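If you want the building blocks of each chain, they are given just below.
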Amino acid sequence: MGRYFAIRIGRAALTIVLVVTFAFVVLRLSGDPSLMILGPEAPPEVLAAFRKAWGLDDPIWFQYLDYFGAIAKGELGRSMRDGRPAIELVLERIPATLALTLPAFAFKVALGIPAGIYAALHRGSAIDRAVMMAAVAGFTVPSFVLALLLVLVFAVQLGWLPSGGQDSWRHAILPIATLSLGGAAVLARFTRSAMLEVLGQPYIRTASAKGVPWRKVVTSHALPNAAIPTVTILGFMVGTLIAGAVVVESVFSWPGVGRLLVVAVANRDLAVVQCILLLVALTMVTSNLIVDFLYGFLDPRLRMKGAHA
Amino acid sequence: MPPLVSIEGLSVAFNGVPVLRGVDLKLQKGEALGLVGESGSGKSVTWLAALGLLPRHARVSGSVRLDGGEILGAGEAELDQVRGGRVAMIFQDPASALNPVLTIRKQLCETLALHRDLSGAAVKAEALRLLDLVGIPDAARRLSAYPHEFSGGQVQRIMIAMALAGNPDLLIADEPTTALDATIQAQILELLWSIRREMGMAMVLISHDLGVVAENCDRVAVMYAGRIVEEAPSNQLFADPVHPYAQGLIGALPPLDGPRRRLTAIAGTVPDPASMPGGCAFAPRCALAAEPCGHAAPSLAPIADSRTVACIRAEASRRALLGMAAE
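The listed protein sequences correspond, in order, to chains A and B. If you read the first sequence in our numbering, its first letter stands for residue 1, the second for the next number, and so on. If you read the second sequence in our numbering, its first letter stands for residue 1001, the second for the next number, and so on.
Hints are supplied without guarantee of correctness; some may be wrong.
Stated by the list, open to error - Stretch-level coverage of chain A by chain B, calculated; a stretch enters the list once three of its residues show a Cβ under 8 Å from a Cβ in chain B:
hint, segment
1, 205-211
2, 216-227
Stated by the list, open to error - Footprint (simulated), chain A over chain B, 3 or more residues, beta carbon under 8 Å:
hint, segment
3, 1092-1099
4, 1111-1119
Said to hold, decoys possible - Straight-line distance between alpha carbons at most 20 Å, and here's what the computed SDA-like set of lysine to any residue pairs gives:
hint, chain 1, residue 1, chain 2, residue 2
5, B, Lys1106, A, Leu298
6, A, Lys216, B, Asp1181
7, B, Lys1106, A, Ile290
8, A, Lys216, B, Leu1114
9, B, Lys1106, A, Arg303
10, B, Lys1106, A, Pro300
11, B, Lys1106, B, Ala1074
12, A, Lys216, B, Lys1106
13, A, Lys216, B, Lys1026
14, B, Lys1029, B, Pro1018
15, A, Lys216, B, Val1101
Calculated directly from the structure, the hints in this document are not laboratory data. The structure presented is a predicted model; accordingly, all values stated were derived computationally and were not measured. Quick reminder that beta carbons are idealized off the backbone N, C-alpha and C, glycines included.
Full structure from sequences and hints, please.
Shown next as structure tokens:
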């Protein structure tokens, strides 16, 4: 058991290092922060001083080692724009993002999973087809299109809700709706196919042949089995809680981590971008680890394998 | 004596394609009936349909009476009392027939709670007794194990224990040993038969293994393409099969004694249910087929005491078997 999770955790750490390395290299190859922040009209000596101050003149491998050395000391660098620690900038944005992504996550689960189960249990019915059509629509329409559509209807036409900003809870409704609908569609599709797969298994027929009432066949025989693949997609969704709202935050001018990321990338504010990516990688990897633990909890066969691995 | 189960004109169609085309079958209390035929002949579908276990898109018609009471099209609540209570079923692949994420205790006690007036410690005691009865060693400890922690033969024993939990009048064993090793097969059959003797329940053994059926069943029904084509006491059927298909099946078996002979195969393949021949479904593969065979499907008709066969060439077929000149 210990070895099984040691391997998982080692792999998780490697994933984080790779993400951070990739971000580090791409950011430095794709633009010069001094030009982005000071502007193309800035005098050359100012630019040179800026580069020297931030260590941008050093060879990239040197900067890289320097960066990891700092991380080891708990230093995530400072924003090139205002000199504040990057981690502070990011942390102060997290509550705003979670104010969108947490309720959206709850709605996705509350909407998507029951819809998927219902559709699977009534396969081929009009409601199944309606759920699946809605799911395909929610699945294929990009979130910025959906966001603009919702703004058009509820803000512009009906005037019920504001189209952007963060002044009251009403401002959160449209962004949360945008995030929820797409995610609920994905979950509904996943849950439906997981349920259909399980309902076709011989042990479901065995349960019916024992005289177990259908409702109980579904709740105590089918659902625990269908939960296993569904947990995978839920884990993925938990992983996007921190930075899964980049597009939606931009459309609705919501001052969360997503918007900070967009602005920081545009400015090549290296420390801030890297700090966000590090956090994203951490949440992703953590939620994956939690999913692995949950698998063991849900599926006794994996528990055994884990014990032997 | 009124039959325990009486099936009349049972037909099943999947998406308009008929797979069961009017099955008539009676089963007495305590009787062991063998149901043989190739894959797809409708052996399992007959009983899945009778118990309302087919998927919803299956169209089922006809009549299935249990102790005189119609159960085809009965309400779910009534069927749930019959299933597992009066009629239990065990399946071909034991490994996938048990729920992988539930313990044996949970799956066994569930049946006990549904069909027996037991509670608390009595449920567990009965579960242990059943596991002991089917030969699971160290039952007390293994109750909390999961299906994957047992071997295939053991899982089938657990399935049998679950089937017995409701004290059924009839046990339907759908290819109960097909997925098991030969040595385990014999043990499971032995177990089934000792339990049947002890409990006096009726049994339907669905199998394509004629040897198993010959050895264990009082009566045999041969199915072909969704119909019963011959029904007879087992010793008579194996000694003197009348329907050309039954003859073909038995001719394909190596004899245990007597001179060695070349085994015969039945030419051709089972017709596709979507494009059944007009008359007798076996006619295209039948050496004795004559022109009238293509006109109408023959119905089961008595040819001797407790023997029926669905073949208009039955006489010719019988004579051919006995080595007489055909007509």
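Between Lys216/A and Asp1181/B, does the CA-CA distance stay at or below 20 Å? violated, 34 Å
For the pair supplied as a hint, Lys216/A and Lys1106/B, is the alpha-carbon distance within the 20 Å limit? Holds, at about 13 Å.
Taking only the CA atoms, is the gap from Lys1106/B to Leu298/A under or equal to 20 Å? holds, 15 Å
Run the distance test for Lys216/A versus Lys1026/B: straight-line Cα separation, threshold 20 Å. At roughly 32 Å apart (the allowed maximum being 20 Å), Lys1026/B and Lys216/A break the hint.
When I compare C-beta atoms, does the segment 216-227 of chain A have three or more residues closer than 8 Å to chain B? holds (count 4)
Quick check: the segment 1111-1119 of chain B, covered by chain A? Criterion 3+ residues, Cβ under 8 Å. It holds, with 3 qualifying residues against the three required.
Are three or more residues of the segment 205-211 of chain A within 8 Å, CB to CB, of chain B? holds (count 7)
Take the C-alpha atoms of Lys216/A and Val1101/B, compute the straight-line distance between them, and say whether it is at most 20 Å. holds, 15 Å
Take the segment 1092-1099 of chain B, compare each residue's beta carbon with every beta carbon of chain A, and decide whether three or more fall closer than 8 Å. Coverage by chain A holds for the segment 1092-1099 of chain B (5 residues, Cβ < 8 Å).
Taking 20 Å as the top limit, are the C-alpha atoms of Lys1106/B and Pro300/A close enough? holds, 14 Å
Checking one constraint from the list: CA of Lys216/A to CA of Leu1114/B, max 20 Å. Satisfied? holds, 11 Å
Is the Cα-Cα distance between Lys1106/B and Arg303/A 20 Å or less? Holds, at about 18 Å.
Checked against the numbered hints listed earlier, the structure breaks hints 6, 7, 11, 13 and 14; every other hint is satisfied.
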